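K.L.:
The opening position of the sequence shown corresponds to residue 0 in numbering that gives the first Met the number 0, with each subsequent residue numbered one higher.
Hints listed in this document are in silico derivations from the structure and should not be mistaken for laboratory results. All of these numbers come straight from a predicted model, not from anything done at the bench. Incorrect hints may appear among the rest.
Said to hold, decoys possible - Label-pair ranges, simulated between beta-carbon atoms:
#1 G67 <-> Q105: 33 to 41 Å
#2 P50 <-> A140: 17 to 25 Å
#3 P50 <-> V6: 17 to 25 Å
#4 M46 <-> R89: 28 to 36 Å
Yeah, the Cβ is synthetic: ideal placement off N, Cα and C, and Gly gets one too.
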Amino acid sequence: MATETSVLQLTPIGHVRSRFAGYAPSDEMGEHPSEIVVLPEFADGLMGLEPGDRIQTLFILHRAATTGYELRLHPGHNPANPIRGVFSTRSQYRPNFIAATIALIQSIRQDIEGGAAVLTVTGLDAQDGSPVVDIKPHRTAFDGPAG
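Build out the structure end to end from the sequences listed, making use of the hints.
P.N.:
Given below as structure tokens:
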């Protein structure tokens with residue numbers, strides 16, 4: 000069982016290739032295709048995923064991780080927005096710098112030289128170089144709104 004002082008270790012399964020090396024609005028990032036490069040040792044884990052599938056991508060906000068965070072903030076860094084708790088926002092500045100985004104697979108290919116698998120996706124709002132720690136199929140029955 001985790002305690003307040005537990006340290007968790009995550010193993011990246013790959014990284015993101017994106018045209019966005021720095022901050023950009025999430026919706027703008029998601030409009031452009033990006034790639035998830037899955038390391039060769041994890042490529043077999045993609046079996047069963049196909050173009051047209053939606054996936055949950057969990058990744059590390061690696062550039063935000065060096066800047067710190069506030070538990071209370073103005074959403075969108077806009078002082079006109081009322082202060083809220085970080086867990087009620089989509090802020091990248093969080094205690095653990097983990098993000099989750101649903102993306103649509105456009106294509107899956109093997110990188111012949113390196114043995115990695117490359118997923119081309121849309122809807123991903125990750126910056127270039129973001130470590131990817133998990134990929135899961137998005138299923139409305141499980142991931143849709145509670146009813």
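K.L.:
Broken hints, numbered, in rising order?
P.N.:
3
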